[in-house]
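Residue numbers (this note's numbering), protein chains in the order written: chain G, 1 to 139; chain B, 140 to 1000.
Keep in mind the hints are simulated off the structure, nothing from the lab.
For every residue, glycine included, the Cβ atom is placed at its ideal position computed from N, Cα and C.
Please note that a few of the clues may not be correct.
[Stated by the list, open to error] Simulated pairs of lysine-lysine, DSS-like, Cα-Cα distance not exceeding 27 Å:
{"no.": "1", "chain 1": "B", "residue 1": "Lys731", "chain 2": "B", "residue 2": "Lys940"}
{"no.": "2", "chain 1": "B", "residue 1": "Lys876", "chain 2": "G", "residue 2": "Lys127"}
{"no.": "3", "chain 1": "G", "residue 1": "Lys104", "chain 2": "B", "residue 2": "Lys876"}
{"no.": "4", "chain 1": "G", "residue 1": "Lys70", "chain 2": "G", "residue 2": "Lys24"}
{"no.": "5", "chain 1": "G", "residue 1": "Lys122", "chain 2": "G", "residue 2": "Lys71"}
{"no.": "6", "chain 1": "G", "residue 1": "Lys24", "chain 2": "G", "residue 2": "Lys104"}
{"no.": "7", "chain 1": "B", "residue 1": "Lys713", "chain 2": "B", "residue 2": "Lys731"}
{"no.": "8", "chain 1": "B", "residue 1": "Lys749", "chain 2": "G", "residue 2": "Lys104"}
{"no.": "9", "chain 1": "G", "residue 1": "Lys114", "chain 2": "B", "residue 2": "Lys992"}
{"no.": "10", "chain 1": "B", "residue 1": "Lys243", "chain 2": "B", "residue 2": "Lys713"}
{"no.": "11", "chain 1": "B", "residue 1": "Lys727", "chain 2": "B", "residue 2": "Lys713"}
{"no.": "12", "chain 1": "B", "residue 1": "Lys239", "chain 2": "B", "residue 2": "Lys731"}
{"no.": "13", "chain 1": "B", "residue 1": "Lys810", "chain 2": "B", "residue 2": "Lys910"}
{"no.": "14", "chain 1": "B", "residue 1": "Lys239", "chain 2": "G", "residue 2": "Lys114"}
{"no.": "15", "chain 1": "B", "residue 1": "Lys682", "chain 2": "B", "residue 2": "Lys727"}
{"no.": "16", "chain 1": "G", "residue 1": "Lys104", "chain 2": "B", "residue 2": "Lys992"}
{"no.": "17", "chain 1": "G", "residue 1": "Lys71", "chain 2": "G", "residue 2": "Lys114"}
{"no.": "18", "chain 1": "B", "residue 1": "Lys954", "chain 2": "B", "residue 2": "Lys940"}
{"no.": "19", "chain 1": "B", "residue 1": "Lys239", "chain 2": "B", "residue 2": "Lys727"}
{"no.": "20", "chain 1": "B", "residue 1": "Lys876", "chain 2": "G", "residue 2": "Lys122"}
{"no.": "21", "chain 1": "G", "residue 1": "Lys71", "chain 2": "B", "residue 2": "Lys239"}
{"no.": "22", "chain 1": "B", "residue 1": "Lys810", "chain 2": "B", "residue 2": "Lys714"}
{"no.": "23", "chain 1": "B", "residue 1": "Lys496", "chain 2": "G", "residue 2": "Lys114"}
{"no.": "24", "chain 1": "B", "residue 1": "Lys713", "chain 2": "B", "residue 2": "Lys749"}
{"no.": "25", "chain 1": "G", "residue 1": "Lys70", "chain 2": "B", "residue 2": "Lys239"}
[As the list claims (entries may be wrong)] Facing chain B, according to a computed beta carbon distance under 8 Å, are these residues of chain G, among others:
{"no.": "26", "residue": "Gly3"}
{"no.": "27", "residue": "Phe15"}
{"no.": "28", "residue": "Met103"}
{"no.": "29", "residue": "Asp110"}
{"no.": "30", "residue": "Leu124"}
{"no.": "31", "residue": "Lys127"}
{"no.": "32", "residue": "Met128"}
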Amino acid sequence: MDGVRVLVVDDETDFLDMIVRRLKQRVLDVSGVTSGDAAVRVIREHPVDVVILDMRMPEMDGIETLQEIKKLSPMVEVIVLTGYANMESAMRVMEMGAFDYLMKPSDMDDLEYKIQDAYQEKRLNEKMLNSSQGNREKT
Amino acid sequence: MLRFLKKLINRTEPEATESPEELRIAFRVRYHHFRQLLKANNKTLEVMAEMDQALAGQIPFDMHFIRSRCTEVTTKVWQIVRHINELASGRYALLFERLKHIQKQIGPHVRHLDVAHSGAFVLPLEDVDVRRTGQVGSKLAHIGEIANRIQMATPDGFVVTAAGYQRFMAHNDLQTEIDRCVQATEVAHLDQLFALSSRLQQMIINAGMPPDLSQAITAQCRRLERPGRADLRLAVRSSALGEDILGASFAGQYRSELNVSPDNLLQAYREIIASKYGLSAMSYRLNRGIRDEDVAMCVGCLEMVDAVAGGVMYSRNPVDLSDHRIFINSVWGLPKPVVDGTLDPDLFILSRTPTPKVLDKHIPPKPCKFTCYAEEGVCRLDCNLVESSHASLIDEEAVELAHLAIHLEEYYGIPQDIEWAMDTAGLFVILQCRPLHLVDSEKGLDLAAEEPEFGQSLLRGGITASPGAAAGPVHRIRKEADTLLFSKGAVLVAEQALPRWATLLSRAAAVITEHGSDAGHLASVAREFQVSAVFALPGAMSKLSNGQTITVDADNRLLYEGRMETLLAGRKPKKNVMEVSPVFAALKAAAKHITPLNLLDPDAPEFRQKNCRTFHDITRYCHEKSVQEMFRFGRDHDFPERSSKQLRVQVPMKWWVLNLDDGFRQEVTGKYVDLDDIASTPMLALWHGIVALPWEGPPPVDGKGMMSVLFHATTNTSLLPGLRSRFTERNYFMISKNYCSLSSRLGFHFSSVETMVSDRPSENYITFQFKGGAADSHRKTRRVRLIGDMLEIYGFRVHIKEDVLSARMEGHDRKHMVNRLNILGFLTIHTRQLDMIMANPARVVYYREKLEKEITTLFNP
């Protein structure tokens, strides 16, 4: 799983530090930010593959952040990781194109699997896009 | 029209003219979605199984459990629908509508209800009666009722209302923080509940008081501090809303603070609020199925009564409906040790006559009492010799109390449980009054002599705190930490009947204590949970040892060594108190849209998107269709790498293999594939089991068995191979490196295995389905049961309906899964035609033992 670039967005710094540290131990290229605003800024400058996104954040919440990320970079896969499980919000974020909706505390193994799966989907989507573009150019 | 549709469908499919590279990517993408779908499918089934377990009373659960499981299942079903649409080019889009529709049906049952409490933050007691129950909680509403409408003596005071509670919680945004902590906890694990409880209580105790609430409370204190009176001291008691749900007693689950000065009242207030998340209150709600949000903590602040004597009286016998006498428990000083179960009180039994008469009394030595400190707080004092040996009430006083009890019962129309105190002027003051929880003893409480058939009893005596009989190993509890090791079904033995042991009542078979009375909180909760209890049994702690199995006959107050089956037999099963609770109702209502399966038969015309009525239907439908889609795609594309191959092996049957992704070690172009080319871990594991022993052929059939086979083969054409779709005609493996599905139709039997085995244990699973057989259904059923029994030995969860067997296993590591697949492969081959011998039980036993022995030697499970 080398090369996957992960961005964690969570306003709770203790949690953010913990999860960034533990994901780094698993040889992932991980960084963390504490607001949706910052996440959008980071993604604008450095491409990422997978975003781990908290829901309840002051100012820009998870839904808005998800919207912005998908607008900015539709190929980025977003995994929601929330402390406040809610069926309606799960439906909403899935409909908006989130890869998964997980509840804290997530098992670290499971979170890593999700990241890998999301990354795989992103790579396949990119390949598919490239090959169909290539095909179109040929014809 | 049909052609148009076909065209439409084909347009979205990769064309045969696509480049091999594109096709290769298309295959990979489809397999990715298929695999994601299977994972979500697996998770959905797990969560649904958990919901069923919860509804069957096998695991305790709260609203948080329901909300998180519903959220998870919704998310997973969404993924299933998304992935099937990805792999079938949007042909299942209607399912999104079905999903949304179903989700909307579930929503109202699990939504967080925030009831807005209106009105004043505090109410003086003179303004309170039962009409204010919704504002002040039933405990204080009844004290108000007794003071203002029955006009009996109660302490004066005030209540911090539900609106006040809401103000406090909102001020600190506490609920949000609490919900977050609760989500992160497995409440069914006592140690986690322990940590959660102390964390939440700390949070509340340290939270700031909203100034307007503090002011309102302080103003009430000033009102009570009238000149000429002694310094104001208060008894601060919980009076939670929702306590009176379904006769839940909540006895002693919350904290009370006695003799508190106004200076420390705000702190005491927060401590009472915090006790909503005390360990016993949390586990009580969990086991009774009461929603956290229904419990608003109102707090009563009543003038402290400096009691000369106090206690609890019952206007009836709580464990014998035919006994109409009045029972008064009494101690010197404050009534606290009676409710806490720490002291054996005096007991007076009075007749229910116009002038009650003392019929019986029991005056044990009372070594100590609780009294108020002059400054603040209460203390335990040694009683002097006179107090210790004398009754804490004279008969005339007991009669006066009995009058009060009769009056209160008549007023409310039902038996009452009354806490009382006698002040320094000799006046009786009512501190609390609530309906008495009655349970009837099945066998009657005659002080029966030991029944000789049971032999010598181990111990005898004490009082019946809760009737019934039960058996289990002894577990002695001395301190809070001991509770963590308490195992389900044990007999709790403790020195005192402390309310905090109530945490264990949902798991205890019976309770025995050396001290305490049937009037204490623990006794109330034991009766509520129908746990047999004998209290005040001298020597219980020293004479019983941990692990020793005993039978407790609470009705007759006798303990026996070992399990006395005759004594235990014929007892009514315990009512599940959970089943009538709001939490249970919420799960049941939500699960109605989740777990039932209506789409049973994939070949039926009803098996369609629009007929998916539950999440299970969607899950089942998508699973079936996704397998078909994968199979069809592989078959229909003229893509040699991915067309199905015949397996080149030296066994009598023909086996086909379809590679979905990375199931072959290298590119295989011809019509055949060798076993050496197979890279699929689960397929190889199954195959290993299939060929582990050469198949001996069908066992010798008795005449009747053969007749039965022939008869059914001629009457039931669906049993004949070759009449169904191509997919089920033969043995078909669909594989990738970590995935394998095998559908095989061998003779009259249909079986399918689906499994995922990788280095991710949480995603590993095996499902197995088996049906059919040529013999009559009686024999088929027996054979299915034989296979089911065998699979259960090796850890599969087995479900049998008629002659259809489904088995599942999940969550183990690779090595374990491989071993179980070996066994499964072995069993599917070697039990194939056993139903011909199934009429003969001796042969069944013989074959079963033979199979077990072979499995042990071959696979060493």
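When the structure is checked against the list of hints, which entries are broken? Sort them ascending. Violated: hints 3, 8, 9, 10, 13, 15, 16, 18, 22, 23, 24, 26 and 27.
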